[in-house]
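Sequences are here, hints too, so could you generate the full structure?
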Amino acid sequence: MPNLDLPILVVDDAKFSSMVVGRTLRNAGYRDVRIANNAPAALEFIDQRPVSVLIADWLMPEMDGLELTDQVRQQDEQNNHYTYVILLTARESVEALSEAFDRGVDDFIYKSDMTKQLIPRIFAADRMADRQNTLLKANSLLVENNRELENSSIIDLETGLCNNRYARDKLSKCLRQAESRGGASAYVLCGIRNWQELKRKHAPSVMSELAVGIARRLSHLIRPMDSLCRVGDNQYAIIAHFPNSDHCSTTAFRRVFDGINHKALKTTAGYISVEAGMVLCRADAQNGTPAVQEMERAAVQGLVDAYETRRFTETAPEMEKA
Numbered sequence: 001m002p003n004l005d006l007p008i009l010v011v012d013d014a015k016f017s018s019m020v021v022g023r024t025l026r027n028a029g030y031r032d033v034r035i036a037n038n039a040p041a042a043l044e045f046i047d048q049r050p051v052s053v054l055i056a057d058w059l060m061p062e063m064d065g066l067e068l069t070d071q072v073r074q075q076d077e078q079n080n081h082y083t084y085v086i087l088l089t090a091r092e093s094v095e096a097l098s099e100a101f102d103r104g105v106d107d108f109i110y111k112s113d114m115t116k117q118l119i120p121r122i123f124a125a126d127r128m129a130d131r132q133n134t135l136l137k138a139n140s141l142l143v144e145n146n147r148e149l150e151n152s153s154i155i156d157l158e159t160g161l162c163n164n165r166y167a168r169d170k171l172s173k174c175l176r177q178a179e180s181r182g183g184a185s186a187y188v189l190c191g192i193r194n195w196q197e198l199k200r201k202h203a204p205s206v207m208s209e210l211a212v213g214i215a216r217r218l219s220h221l222i223r224p225m226d227s228l229c230r231v232g233d234n235q236y237a238i239i240a241h242f243p244n245s246d247h248c249s250t251t252a253f254r255r256v257f258d259g260i261n262h263k264a265l266k267t268t269a270g271y272i273s274v275e276a277g278m279v280l281c282r283a284d285a286q287n288g289t290p291a292v293q294e295m296e297r298a299a300v301q302g303l304v305d306a307y308e309t310r311r312f313t314e315t316a317p318e319m320e321k322a
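For the sequence shown, counting from 1, position 142 maps to 142 in the UniProt record's numbering; every step adds exactly one.
It cannot be assumed that every hint is accurate.
Here are the computed lysine-lysine pairs in the DSSO-like style, where the Cα-Cα straight-line distance is at most 27 Å [as the list claims (entries may be wrong)]:
#1 Lys116 x Lys15
#2 Lys266 x Lys199
#3 Lys173 x Lys15
#4 Lys199 x Lys263
#5 Lys137 x Lys201
#6 Lys201 x Lys116
If you are wondering where the hints come from, they were derived from the structure by calculation, not from laboratory data.
Here it is, written out as structure tokens:
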């Protein structure tokens with residue numbers, strides 16, 4: 001069954017021709033048919049309300065059918081919509097039709113046989129436009145759903161560790177725990193200093209294996225109650241709470257530092273050694289509770305020093321004054 005509410009726009013500078021097309025469509029039962037006498041007026045109509053089918057004369061003053069098609073395609077792109085474009089033409093050369101198809105025209109109706117061709121072509125245009133717009137809407141919905149999933153995701157898909165979103169939430173809870181129950185919060189940032197050098201030497205698949213290997217190695221080295229997250233391409237964070245502040249020191253994580261630096265990781269490209277820099281950012285509840293951003297900022301600055309000295313360093317956040 002044809003969709004008689006199909007929005008159609010007819011564009012022709014010759015009023016007689018546009019009236020013939022419009023009358024033929026209305027006689028076939030189509031109710032949503034608009035007429036424009038030139039291309040600029042047609043673009044205004046489409047801007048006000050998109051159409052599914054555009055029927056335009058190829059030869060028009062100011063802007064011909066091909067130029068109009070270019071403009072319509074730009075509007076379609078902006079509006080996530082598809083307009084099926086049919087040109088009315090007396091030109092039958094292969095070169096002319098090939099150029100028109102390359103410019104985005106969907107179909108042609110020869111003026112010499114317009115009354116016989118028009119309605120069957122509209123039936124086909126209806127199906128194609130509906131299919132294209134259904135796909136565009138479905139794709140838009142998928143993109144939006146994926147965006148929402150990414151925004152709510154707490155997992156790093158490559159390594160299976162928790163990601164930076166989770167790390168910030170966990171660090172915030174750890175700081176609140178130290179604030180209410182005492183003790184100290186630890187944010188240990190581990191960065192692979194030679195990561196970029198390794199990326200230049202090895203394929204992405206090998207680097208992915210390496211990232212997974214680092215994640216597994218660190219998971220085995222941390223304490224059972226500590227949280228391990230991947231917070232960057234080559235950075236991992238360990239978040240921990242110490243009931244006794246004296247125990248929150250680099251000594252508690254020395255095993256992690258030695259374990260990642262002193263033993264190569266196995267990949268399909270062979271054993272690869274990484275150079276890890278580590279910094280402990282420590283927050284003692286007795287000295288006040290810093291913001292998560294202050295802990296992260298101090299850790300990043302400390303990691304730069306750790307890279308330069310090649311030592312496991314310790315730092316503390318600078319508290320913002322109230």
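Original post:
Does lysine 199 pair with lysine 263 here, judged by a C-alpha cut-off of 27 Å?
Top reply: holds, 19 Å
Subject >> Pairwise hint evaluation, lysine 116 against lysine 201, where the allowed Cα distance is 27 Å at most >> reply: violated, 66 Å
Original post:
Between lysine 266 and lysine 199, does the CA-CA distance stay at or below 27 Å?
Top reply: holds, 16 Å
Subject >> Hinted pair lysine 173 and lysine 15, Cα distance within 27 Å >> reply: violated, 72 Å
Subject >> Pairwise hint evaluation, lysine 201 against lysine 137, where the allowed Cα distance is 27 Å at most >> reply: Distance of about 43 Å is beyond 27 Å: violated.
Original post:
CA of lysine 116 to CA of lysine 15, is that 27 Å or under?
Top reply: Distance of about 20 Å is within 27 Å: holds.
Comparing the model with each numbered hint stated earlier shows that hints 3, 5, 6 do not hold.
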